[in-house]
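Protein sequences, first through last, are from chains A and B.
When we follow this note's numbering, the leftmost residue of the first sequence carries the number 1, and every step to the right adds one.
When we follow this note's numbering, the leftmost residue of the second sequence carries the number 1, and every step to the right adds one.
It is possible that part of the hints are untrue.
Unchecked claim - Below, computed lysine-lysine pairings styled on BS3-like, alpha-carbon distance capped at 30 Å: (1) B:K303 x A:K9; (2) A:K51 x B:K303; (3) A:K79 x B:K137; (4) B:K69 x A:K70; (5) B:K303 x A:K79; (6) A:K79 x A:K109; (7) A:K9 x A:K70; (8) B:K384 x A:K9; (9) A:K108 x B:K5; (10) A:K70 x B:K253; (11) A:K70 x B:K5; (12) A:K109 x B:K5.
Claimed, not checked - Sample of chain B residues with no beta-carbon within 10 Å of chain A, all distances over it, derived: (13) T168; (14) V272; (15) E392.
Hints in this document: simulated from the structure, not taken from any laboratory.
Glycine is no exception: its CB is placed at the ideal position from the N, C-alpha and C atoms.
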Amino acid sequence: MITGTNLAKHFGANGFGGVSFSVGRGQFAGVTGASGCGKTTLLNILTGMLKPDSGTVCVDGTDLRTLRGKALSALRAQKIGYMMQGNVLLPDLTVMQNLLFPAQLAGKKVTEAQAEALAEQLRISSILGSYPAGISGGEYRRVMLARILLLDTPVLAADEPTSNLDSVSAQIVREILHARKESGVTLLVATHDRELLQGADTVICMDR
Amino acid sequence: MNTGKYALQVISHSRFRSLTVFLLVFVTTVCVFGSALFTDNIRNGADRIYGNTGTDLYIVPQEYLESTKDLLFKGKACMLPFKTDVSDSIRALEGVGAVSRQLYLETLEMDCCDAGGLQIVAYEPETDFAVRKWTDKAQNLGADEILAGSAACFTTGETVDVFGRTFTVAGVLDETGMGYDQSLFLSYEAADGITGDADYAYMFGQKAGLLSMLLIQQADGSDISALTESVRSTLEGSGLSVYAIGDLAAGMKSSIRMMTAAVRIMNVFAVVIASVSLFAMVTLTFHQRRKTAGSLLSVGCTKGRILRLFAAEYLWLFAAGALAGILLVCIILLPLHNVIKTALELPYKLISAGGAAAITAKTLLTVLVMLAAALSFTFVRIMKIEPALLTEENL
Numbered sequence: 001m002i003t004g005t006n007l008a009k010h011f012g013a014n015g016f017g018g019v020s021f022s023v024g025r026g027q028f029a030g031v032t033g034a035s036g037c038g039k040t041t042l043l044n045i046l047t048g049m050l051k052p053d054s055g056t057v058c059v060d061g062t063d064l065r066t067l068r069g070k071a072l073s074a075l076r077a078q079k080i081g082y083m084m085q086g087n088v089l090l091p092d093l094t095v096m097q098n099l100l101f102p103a104q105l106a107g108k109k110v111t112e113a114q115a116e117a118l119a120e121q122l123r124i125s126s127i128l129g130s131y132p133a134g135i136s137g138g139e140y141r142r143v144m145l146a147r148i149l150l151l152d153t154p155v156l157a158a159d160e161p162t163s164n165l166d167s168v169s170a171q172i173v174r175e176i177l178h179a180r181k182e183s184g185v186t187l188l189v190a191t192h193d194r195e196l197l198q199g200a201d202t203v204i205c206m207d208r
Numbered sequence: 001m002n003t004g005k006y007a008l009q010v011i012s013h014s015r016f017r018s019l020t021v022f023l024l025v026f027v028t029t030v031c032v033f034g035s036a037l038f039t040d041n042i043r044n045g046a047d048r049i050y051g052n053t054g055t056d057l058y059i060v061p062q063e064y065l066e067s068t069k070d071l072l073f074k075g076k077a078c079m080l081p082f083k084t085d086v087s088d089s090i091r092a093l094e095g096v097g098a099v100s101r102q103l104y105l106e107t108l109e110m111d112c113c114d115a116g117g118l119q120i121v122a123y124e125p126e127t128d129f130a131v132r133k134w135t136d137k138a139q140n141l142g143a144d145e146i147l148a149g150s151a152a153c154f155t156t157g158e159t160v161d162v163f164g165r166t167f168t169v170a171g172v173l174d175e176t177g178m179g180y181d182q183s184l185f186l187s188y189e190a191a192d193g194i195t196g197d198a199d200y201a202y203m204f205g206q207k208a209g210l211l212s213m214l215l216i217q218q219a220d221g222s223d224i225s226a227l228t229e230s231v232r233s234t235l236e237g238s239g240l241s242v243y244a245i246g247d248l249a250a251g252m253k254s255s256i257r258m259m260t261a262a263v264r265i266m267n268v269f270a271v272v273i274a275s276v277s278l279f280a281m282v283t284l285t286f287h288q289r290r291k292t293a294g295s296l297l298s299v300g301c302t303k304g305r306i307l308r309l310f311a312a313e314y315l316w317l318f319a320a321g322a323l324a325g326i327l328l329v330c331i332i333l334l335p336l337h338n339v340i341k342t343a344l345e346l347p348y349k350l351i352s353a354g355g356a357a358a359i360t361a362k363t364l365l366t367v368l369v370m371l372a373a374a375l376s377f378t379f380v381r382i383m384k385i386e387p388a389l390l391t392e393e394n395l
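Please model the entire structure based on the sequences and the hints provided.
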């Protein structure tokens, strides 16, 4: 269960306030709204990557404000896999290494075969030996999603997972996310993709 | 993939950045290690002269003072003839422990060495207290035997032709750091044979018992000032003067001071430039490193692990750069130290292995502290930023 209460965050004139919601285990919560309304900021707060100006976030009853250092890292490694919006692959590792290394850091045993199977599903098998600088924007997004999926966390947060993708790849991503939801994973997805939002249990609409 | 392997992967992929850090570490190491070793070798050479000659006072002809200094400190060959032998009257003075005679001859050109003559030092094995400091063989040198200075390019057992006579090299002196290193040593008996030879009458006047320098060792408990004064009185009107080693080395001390100060200034300058460059490079790569840190934090990596990943990369480069720098300095300074000594015209002696190890440790620590400071600076700056903001393009 993830609960946000009276969340507020401001960057100068931009930001949001008074956001409250609750997402049960295995549910799919979509976050939508106009560009710049704070969807990414909200996901950052929910994953403990950003502190709110006010309000609280509780994950399975634990107030994120009480977590520091290793405990916060453990939350990200064990509970909430987060596909960020920016380009955050490690530039000095190959795509395959980018898939395996985070799981290794999180103390999870992920085999190359598992990574290859997921890469096949996401149609990125041909670039496993490439470096991030040498792949396209759409491939980059799919690699970012794959590295989070391999962490196999009970909560999956994704920021615009279908942006920059062709229709076939976008459909594959939607199917994978829905399949995860069906397997009991809680989804928090910020997106403009209406097709993806169709399967959401809760949609949080944000205004500027 | 462990921390070390990750660091190696980053180094091999980010080649330009890695090469820059490597070169900065390399240059800093060469500057710090090279200058420290160089100045310590000079100091060691000077210390040897002050501490290891075993001679408290030297008597030399006044008019040949500069030649004496050149011979003692720079290894420049020369001949210093005494007009009168004052050794007996000096030996009789109160406070004199021992007196030993030395005669300096310059050989004709020799095939083995560079153009020009080689310095021959004739000494009395029975009264000597100076040469024996550097070899046990000095006390029992035969008339057909010769000792070689450490830089005189001879080995034990070899035969050497000097003034038409063949000598066997009975031993090689330990490095003295003085002009003795380029000299050959023979007994007075052998020297008398040469100077008394009719073939060299044009050089030595066919005279035996010539003398160039008297070395005086004070008696235990005697006062050196009083002894110097009484020697000076004895020498009055003889054209000879008495000097302590410090007096003879006064000009050289000043040269050493200037040389070491100049090297130190260059060293500080180079280290400052290397440090500034390192920090500039760290600042320039801050953007990439903060994104890496943000990426790692987003998948649950701890700050400590991130620090270890960054540190491992720097440590590999530190080890490679420092090792290469130390090797280069050793390759230049060790085999060429005799050439350097001759070129410097200053006392120069390699310091002991322990001393070199201490300088190496000091150098490694200096460079390591510099790198640690650069790394800490980057890391602290990154960790002050909220994880979500680390990955943003325009922070």
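Violated constraints from the hint list, given by number and in increasing order: 3, 4, 10 and 15
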